[in-house]
Every structure is written in C-alpha cells, then in structure tokens.
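Protein chains in written order, with the working numbering: chain A, 704 to 1129; chain B, 704 to 1129; chain C, 704 to 1129.
Check before you lean on any hint, since a few could be wrong.
Any copy will do: because identical chains look the same in the list, a pair fits if it lies in one copy or spans two.
Unchecked claim - Keeping only pairs whose Cα atoms sit at most 20 Å apart, straight-line, the calculated SDA-like set for lysine to any residue is:
| hint | residue 1 | residue 2 |
| --- | --- | --- |
| 1 | LYS847 | LEU1109 |
| 2 | LYS1068 | ASP983 |
| 3 | LYS847 | TYR1014 |
| 4 | LYS970 | SER811 |
| 5 | LYS847 | GLY734 |
| 6 | LYS847 | TYR1110 |
| 7 | LYS1074 | VAL724 |
| 8 | LYS1074 | GLU892 |
| 9 | LYS1074 | ALA877 |
Simulated from the structure, these hints should not be mistaken for lab results.
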Amino acid sequence: MFDGESSHVQEERQHNLPDRVASLIANRRPGHSLQREFYGDEEIYNLDIERIWRSGWLFAGHSCQIPKAGDYFTFELDADSIIVMRGDDRKIRALHNVCRHRGTRLCSESAGTLARIICPYHQWVYGRDGRLLSCRGMQEELDKTEFSLHTAQVREVEGLIYVSLAPQPSDFNAANEVLGTMARPQGFEQARIAKMIDYTVNANWKLVWENNRECYHCNANHPQYIKANFDHYNADDTTARIKEEIATAVTRNEKEWAACGLAVSHKQTGMTNFPDADRDIWFSANRTPLVEGYLSETMDGQQVAPLMGDYTKPTVGTLRMRTLPNFWNHSSCDHAVSTRLLPAGPRATLVRVIWLVREDAVEAKDYDLKKLLPFWQLTSEQDWEICENQQQGVNSRAYTPGPYSLYKEYNVDSFVCWYLKKLSSL
Amino acid sequence: MFDGESSHVQEERQHNLPDRVASLIANRRPGHSLQREFYGDEEIYNLDIERIWRSGWLFAGHSCQIPKAGDYFTFELDADSIIVMRGDDRKIRALHNVCRHRGTRLCSESAGTLARIICPYHQWVYGRDGRLLSCRGMQEELDKTEFSLHTAQVREVEGLIYVSLAPQPSDFNAANEVLGTMARPQGFEQARIAKMIDYTVNANWKLVWENNRECYHCNANHPQYIKANFDHYNADDTTARIKEEIATAVTRNEKEWAACGLAVSHKQTGMTNFPDADRDIWFSANRTPLVEGYLSETMDGQQVAPLMGDYTKPTVGTLRMRTLPNFWNHSSCDHAVSTRLLPAGPRATLVRVIWLVREDAVEAKDYDLKKLLPFWQLTSEQDWEICENQQQGVNSRAYTPGPYSLYKEYNVDSFVCWYLKKLSSL
Amino acid sequence: MFDGESSHVQEERQHNLPDRVASLIANRRPGHSLQREFYGDEEIYNLDIERIWRSGWLFAGHSCQIPKAGDYFTFELDADSIIVMRGDDRKIRALHNVCRHRGTRLCSESAGTLARIICPYHQWVYGRDGRLLSCRGMQEELDKTEFSLHTAQVREVEGLIYVSLAPQPSDFNAANEVLGTMARPQGFEQARIAKMIDYTVNANWKLVWENNRECYHCNANHPQYIKANFDHYNADDTTARIKEEIATAVTRNEKEWAACGLAVSHKQTGMTNFPDADRDIWFSANRTPLVEGYLSETMDGQQVAPLMGDYTKPTVGTLRMRTLPNFWNHSSCDHAVSTRLLPAGPRATLVRVIWLVREDAVEAKDYDLKKLLPFWQLTSEQDWEICENQQQGVNSRAYTPGPYSLYKEYNVDSFVCWYLKKLSSL
C-alpha cells in the first residue's frame, strides 16, 4: 500500500467476502461448471482483480524484449500501467507509469528505449531505476528521495519476467525452482521476439483458462494441434494402438534426451494435472513427446527455425509451462510460443501471443513467418471463438452449471477449485 | 425456474417493489405521461424485464419462417437466446440456446436448418426436440434424459408464434380465441417473408408503444398513412363529411365482407380501445375499412401482390392486431406487416418489421419490393425518429409529465395504466 | 424545482455529503493534488453536477451568435438541453428544450432561427418567449398559461451569455461588474463568430481546469504561447532581464492605454491569482502586456484581423477573463478566443473553442483563418493531450497526490480549494 493511499481503498481490500458471493461459493455443485455470476458479475470481477490478479505473480513478458539498459515495455492491469525497464545495472524493474507530481502517465508508447523518464507535463525527470533526479520549478525544500516512482515486485526466471502488484507478494521460490529447471535448456534469455499478436477475447478470463485446461474440445476444434500431440487422448479413448505409439515415442525420446541431459516428465496421454489448490500449485512445467513425424509444433511437423538454447537435436519433444493467473507456453526445439492474459472487464480478456526464436535467427533467411505462425495462431484463434460462444451462452438466465467429464475435464475442475480457494482467502 | 438456478435469482424475482418505485407509481398523476424515471432508470428497466417481458407472451415470429422440420430462427430477450425450431413431429418448440454441459451458445446464426443441434465446444448432440442424444467423452453413468435443453413455452395461433419465458405462463386461451378468429382469413400459415428490416431505436420500449397507441401525431408525421386510414380523426375533428365518408366505406365493405364471411369490428374513426388493464386485455384485433380508393396500405392504394389467405376480392379493408408487450400487425388484402419489439436497455429497443405475402408469390414477377415496402417502411421510420426525439427530451431534469388529450390519447393512458398494473403485480 | 419534479429528485438534492466523500475531503493533503476518486468516481461526478454545474453560472455562448429575434442555439448540461433564444423583445431567454406535453425534444438542430417553436410530435406551438400559443387536439379546459416552456435564468454581460439551472441562482452582480468593465472595450456585442471547434477531451473537467490554472507546463508544451506572453515566468525564474522586459512593456502599454482609457491590471510575470474560495471569487478579468513585437496572440505576433470594439491601436496587450466552472477567454486587439467546458462523464469533457472577430470583418478579405486559428488551436490541443495523459495516470491505484509548486501552481491549489468548498456546501 502506498503512503498516500486513501483509507477507502484500504477498506476495500480488507473487507470480508460479501454474503452473496460466499453463498454462491458454498452452493457450487462439485464437479460442475461455475454459476453464471462468476462469468459476468461486476462485483465478482472486482474480487477477482483484488484477490487473484493484484495478489498473484503475473507474467509480464520476456527479458529478451528489453535486452539493453533503458529498454522498456509497459503492461496494464486494471487501471494500473507498469513500466518494465532494464536499468543501468542491468536489473529489471517494474515502475508504476504515474508521475509522483500530479499523476500524469509517463510513457504513452507500449515499448521503447529511454535515457531518462521525463514526465511530459512538467518535466520531472526520473532515472532508469525510478529515482527522481530533478524537478525544476519546485520549492527547494522538497526532498527528492521521497518521490521515486512507485514500484512493483519483479522476479526473473530464465528470461521470464514476473511482476506482482501485492505489497507483500506470495512466495516465488517454488515456482522459480520448477520453471528455472525446465526452461533453462530452451534458452529464453538468448531468444528474440519473432512476432506478437494481441487479441481482445470477449469472454471472462476464467473461461479462457477453462478452455486451456482440457483437450476434450480438441478433436473437433483443433485439427492441426491433434496431429502433433497426445494429450487429447484420455483414459476413455487411449486405445492399445495409441498406448503403443506414445510408449514408442517416450522410449525413443528418453534415449535421446538422456544423451542431452533433458528430463522426461510426462509420459502418458492426457494432460498433466494442474493446478492444485490443496498444495498451492499455481505453476508447472513438463516435457512430453510429440507424435512420430513431428519435430516441432508446425503445420507439417518440420523444423522451421534454428535450434534454440541448449538443444543439439530437434527431437526434444515439446516443453509446456503454465503459471496462474495469466501465462502458458508451448516450446518446440526451434521456437517457443508464450500466451499472456490480462483481464479487461467481466466479459473480456486481452490476450497476447508471442512467438520466440533464437536471438541470432534472421527473418526470411533463417525462418519464415508463414511457416512459424500458423500452428499456434490457428489453434489460439479457434479457442478464442469457442470462449466467446461460451460467454454468450453463460450470460443466459437459462444457463445452469453442467457436469465435467471425469475423463477429460479433471483439470477444469482443478482450476475452478483453485480459483474458488483464492477468491475465498485474502 | 431451472433446478440449478441460484437462490440469488429466486430472490430477485420474489422481492417486493422497491419503495422508490412504489412511490413513483403512487405519485403518477392520472391522465398524464409517466415520470422521467420510467424511461431511463436502470432499476425500473430491470423490473420491466422481470415483470412484463419475462412474464408475458412474446411474439417471436411467423411459423412460415420455419416451414420444414429442422428449420429454426433465434431471438434474444435480455441475455437469453431462444432457438425456435420445428421438430420432426412438425411441432414448434422454444429451446434455450445454451448447452447443458458448460453453457456454450449452440446456434450462432440467426436462422437456418439443422438435422441435429451439435454444441461447437465438445459436440454434445441434441435432437430437434432438444433431447440430449449423445455426449461422447462423459462418464457412462450420466443420465442423458436429465440433460435435455431447457425449454420455454410456445403457443402458435394461425401462424403467429408466441413464446413465454415464465415458468407458469399466464392464460393464452382468450388471446388464442380473438387472434385465431381474426387472423384466419389473412392466411399467415400460407405466407412467406418478403422482407425483414431490423432497427435499433434509441428509445425506451414504452415510448415506442405510446407512439403506437395514438394517431394524434399522424397528421404532421405520417402523410402516407393518413391518406389511407380514418383513425387520425377523433371526436373533436370528425366532421360531417368524414362521418359520411367512413359510413359509406363501412356500408360498402360490410356488404362485400358479409358475402366473404368477414366480420366488421371497428366502424368508427379513431382507434379501437386497447389495452384494458381492468379486464386484463393485452391482445386485440379488428377489421376496419380503408379510405375510398385504397385497396391496400400502399403509396397509391393499389394492390401490389396476389390476394392472401381466404380473400377473393381486394376490398377487405385492413386487419389490425396487437399484443402486449411486443407485437402489432397491419394487414391488407395482398400483404401483411408485422412489427416485433425487443427491449435492449433502458433507452433502446430493437424493432423488426416483417413484410409477408402469399407463399407462392414470386418477387419481381408477382410483387415488387419498391411498391410493397414504402408505405410501412416510411411510416415506421417516421415513428422511430419521433420516439428518439422524445427519449432525448424525457431524459432532461426539466421534463415534467404532461396531460394527455382526452380525444386523442385515451389509448396512451390505457397503455400506461396497463403497464403500471403489470409492474405492480408479480 | 419544477412543480412536477419527483420527491426522489428533491431528496437527491438535499441529502448530506456521503460519508466517504466527506472523509476524502477531510483527508485531502493541503498543497497536494486531489485523491484519485475525485477524477473518476461516478458518485463524486454526480455531486459535481449537482453542487457545481447545476448551481453555478454557466457560460453558454456569445450574444452575437443570435443577433436577430428567433435566432437560437442549444447547449447541453448533463441530460438537460437548453434553447438559448432571442425573443421579439430582443431579450435572450433560456428555454428548456422539452415539450410540456409528453417531453419531446423541440429543437434537434444545434442552432437556427425560428418564428415559433413547434413540437415535432403533436405540434404544440410555443412563442419565442416560451409561452404555449396553441395545442390543437387538447381538451378546451386546458389552461395554456400553465404550459409555458420551463425556463432557466439568464444573465447577459457585454455579449457574454450566462445561464443558471439553479432555482435560486447565486449572485451575479459582482461578476457583472468585473466582466462588464473589462469586456466592454473588446466589443463582443459587435463581434461575429469566425470559427468554432468542438472537442471531446477524455479527462475529468477538473483536470482541464487545473491545466488552465498554471503555466508551469508551458515551457515544454506551448512553444507558441510562451513567445507572446510573460506568465510562464514566476518568482523562481523571473530574471533581471525578464523583469526589465515586462516593466518596459507595462510602461509602454500604460501610456498608450491611458490615452485610450484602458486599465492596466496585471503588471507582473506569472498568472493573476484566481479563484478565491474565501472571497467567493469565481470570476476575474485582467489586462496584461504582450511581449515586445507581439501585437496579437498569433504565430508571428502580427495583427491578423481588423481592430475590435473600442480599440484604435493594436497595442492593447491581451485581455484575459475566466469564470468557473466553464469559461475562459483570451482576447487580442484583433480577435478573441473563448473556451467553454461542459462535463460529459467522470472522465470526459466537451470543449468548444470559439474565435471571434469584428462583426463586419469578411473572411478571406479582412482575415484569413490560416493565420487566425493556429496560435490558440495549437495551444488548446497541446493541453487536451496533456490532460488525457494525466487522466490515464490518475486512474491508477498507484497514483498518490503529489505536491504543488509554491512558485508555479498556487492557482491550481486555489482552484482545488474553491472546488472542495463548493462540493461541501449546498
């Protein structure tokens, strides 16, 4: 909390869950989708913002977006804008994009490079670390050390930048351990952005996650994705032939990976279990094989860019990472695709999809966007359309929570349980 | 109420009228227009939705829009979307456009034909009657008979489709009797849609109705309409000459209609009395003569399409029907024009105007849209503009309810009384 | 209050300040910018409307916009629309743009000339003074004298038209005295509108005023303005050279003005003190010299139109006027620029900038818009951009009120004190 923050805001944060929300939580039918109110009610949306988005660790972007001192990008959560900037000491900081004088937004561009941060209104000058360097025209007795830009917490793990707006953020160590170990070989610190696409998806952020947490919808909706992956098969439809196929792929990959020092961590069909409310697991990563013939998540399975990171062969399967409430990543041997969510109202979510390649790869020479983008661009856009249809439906008074498939939607239920637990606690 | 509906919603429905609304109703000055709050207040709009729109019988469309099994159209009330579909048994049903699994909107198109209703998300399959036929991937113990699509009540009368979202809808028998008798000769079941135009009118739905309930505004605003009709004349301005004119028209038509078995039911100038809050009359229909020289409500009075229904001669005057809260129709010998309202917020109404001709009439051969449309398109659009101007004015703090003309606005007062009675009762 | 106004509205007006607003006011840190809530909260915006905008005197426009009987323009405050019309008696009246019958907006055009005001709905006819002249179709016993258009208070001072929506407006005499004396020589009554530009500025109206109340931002943002004026210099940066410059300009001008009977009222650098909450000063005017070489606030300082009003030489410096909550004006020898604000939501302000020249000046012959407009068009648009940036920043939870410069922002503090005092009192 900032010194000057009004008591009104403090109260907002400390109050108990309103009775009607507590009652909705208590009445949720286990194993069923959430009640309508969770997907459109303004009060619940505000609680989501307070108790999930302003409390958790948010993926902001990749450190390779700001390689040099003074490089920055901005990101917005709720009404807050954050400048994520690399300092002269090479450290990455999260500075609130708000002048300490009269509150003017400092950076209007979404990314750039600055020697100093200068307010466009009265030219107060801040350093790349957020310290107030000068404020011509103010009284001499003003103590400049009291007017550094407000900051948020930052953690960097293997090139992934996380920001927390919480005054006392929750633990990051366990996540750091898991993500660090799994992400290291992918080489995110020696990567570059090949493409970013921003979407406004007209659906509550939880619908976007619920869509991400199952592959029940993949057969009919993701013709590209299912050719390369095993996770749309589940206990009820993993035939002997499929079992043999994945066993073969695991065995083959395990041999190769052992030689490269890469761990195999998900050897079955179906999706890995995530999240886990009881054990406070909001982060996870695993490596799993691709289907025979697929070296990369591309339309034809062929490698489309130079090998990334520590990889010496293309046969590394696929690395998958996800952190709640706003990040997932699918990485192949030659490229990685990160997805970042930001809430934009009870019925809208901003989604950024980021394609990364090795930092020295040159477009048109080493890779072609026409081959790099389609697999995940199509798969993503197929999902956004589904989510928007679902939002339309759950708006209806006639919507009643329905049952989850025990075979295919166990992770949707896990997500919903994680969400309700977070919403219930401060 | 649906089984899974939250207690929160139940409470919404059962609570008493809020004190401030009850007080506004109590303070309404008889014979005067309503207070400003009724035309823009969010709370009153929500009460309108609950107590009028979700309780009453809504005109949805014409049965000739869905002649074959599997044909459907959708319509939206508030956040609800309804699929109006003809089944294999030729029965018309109103199915909520919401998958029973996780709530996805099933039909995104506004009309079409389907063999089965298949959810785009996880491919749950429903029959044309709304029964769940299959849900691949779900646990075997799930009882499919419990997951039919939620339905709304439907009544069909002579090709007019009515839907009620109320769990226990009010009586339809009396309306069925009146509309059935009067609509039969027009032949709506053997009709086809020649044209539909959708409008967003930036005015509260009640202003649209109040405009419909008087012809005080016709002289200056509807130059086309007044040439063909007698209802803009009232007790104060029906001259001896006009009296003679309508008497002649009535006599002439009565003779002809008697021969055709058609009843004359409105023989005076001025509009028939409607609605009637005391007698719970929310529906009415009447036949009245057109001015000498007018065979049809067209720009020059000439017949512009083949005779509809049972008519054997063009001299059938004009049939008028209306049902609250959302339908009116003006029918001539050769075509019919239906108007359907749907509320879209405290200050907006969606209006659909539908032109119908005989089902075997062929455009460009048997009728020309340039001759068919203008009379009611112009008259309708003239009204929408007036309603929007009135909305702008009643928004003002300076608006004070004004007196209705005893000669010309008796039906506006009747409408307001009907509305306030409905609003006051559950 | 109108007779028919609902008790609900009366209550709104009489209630005390809500506790949370009173608490915010009590907690405001002296000498610092206001808390975030004042710039975006819906409840505070509504209080601003009630206690400032509906209570004060609002600049509506210039009398030269409606020189002839029947000429009118409309202006909107909140949901109210006012017709400002010149009557047959040449008096200017403010008539509510709402028919006394059923509330229809009477004039849809923003300006025009009318012999009678005729309601487009049912043709009730009002005179240019707002009296109901006829209402064909109504019952004979209706007393037309009871149905004049509702009016608002009007004051005209030297061609400036002020309107108050308050039933008992506050005193205008002191403002009339000051504005009348200072505005007279400019000749606003013998002026004409050369150009009007309307802007929607996405910032709370108070941010627009705070921007207007200091020239701390001028050096970096207004390269044109600072060449012509002395007010961006303050106690901390008025060097000996600048002191000499302004003293020279004052002396030179005083001599000339004395000869013309024009008073010198602001002889220093920096801005004149305004407003003054303690003395209830919401209006002020002063004349001050321009920089050597500037005869007019134009890009090169040259005169660009014929001398206005009583001026016989171009060396009259610049006349500045401002009235809260919605008007300021900068006048040169040859043209005048008026700015009118109207609130359009918690985060939006409608701004109209009006350029005036002598009434007999002919475009293209006596003046060229390309030379007349740029100085104030650029300066205004530079400010709107700043205000929008500031609004973005103060929306953030991380915004904390910052200190005002004692040298340069004394008037911003005066404005904030005036505002809070008005907000606190009925």
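We went through each hint and held it up to the structure:
no., hint, in the structure
1, LYS847 - LEU1109, "between (60 Å within a copy, 16 Å between copies)"
2, LYS1068 - ASP983, "neither (45 Å within a copy, 72 Å between copies)"
3, LYS847 - TYR1014, "neither (49 Å within a copy, 50 Å between copies)"
4, LYS970 - SER811, "neither (47 Å within a copy, 39 Å between copies)"
5, LYS847 - GLY734, "between (56 Å within a copy, 17 Å between copies)"
6, LYS847 - TYR1110, "between (60 Å within a copy, 17 Å between copies)"
7, LYS1074 - VAL724, "neither (47 Å within a copy, 58 Å between copies)"
8, LYS1074 - GLU892, "neither (23 Å within a copy, 55 Å between copies)"
9, LYS1074 - ALA877, "neither (36 Å within a copy, 67 Å between copies)"
When held up to the earlier numbered hints, the structure conflicts with 2, 3, 4, 7, 8, 9 and fits the remainder.
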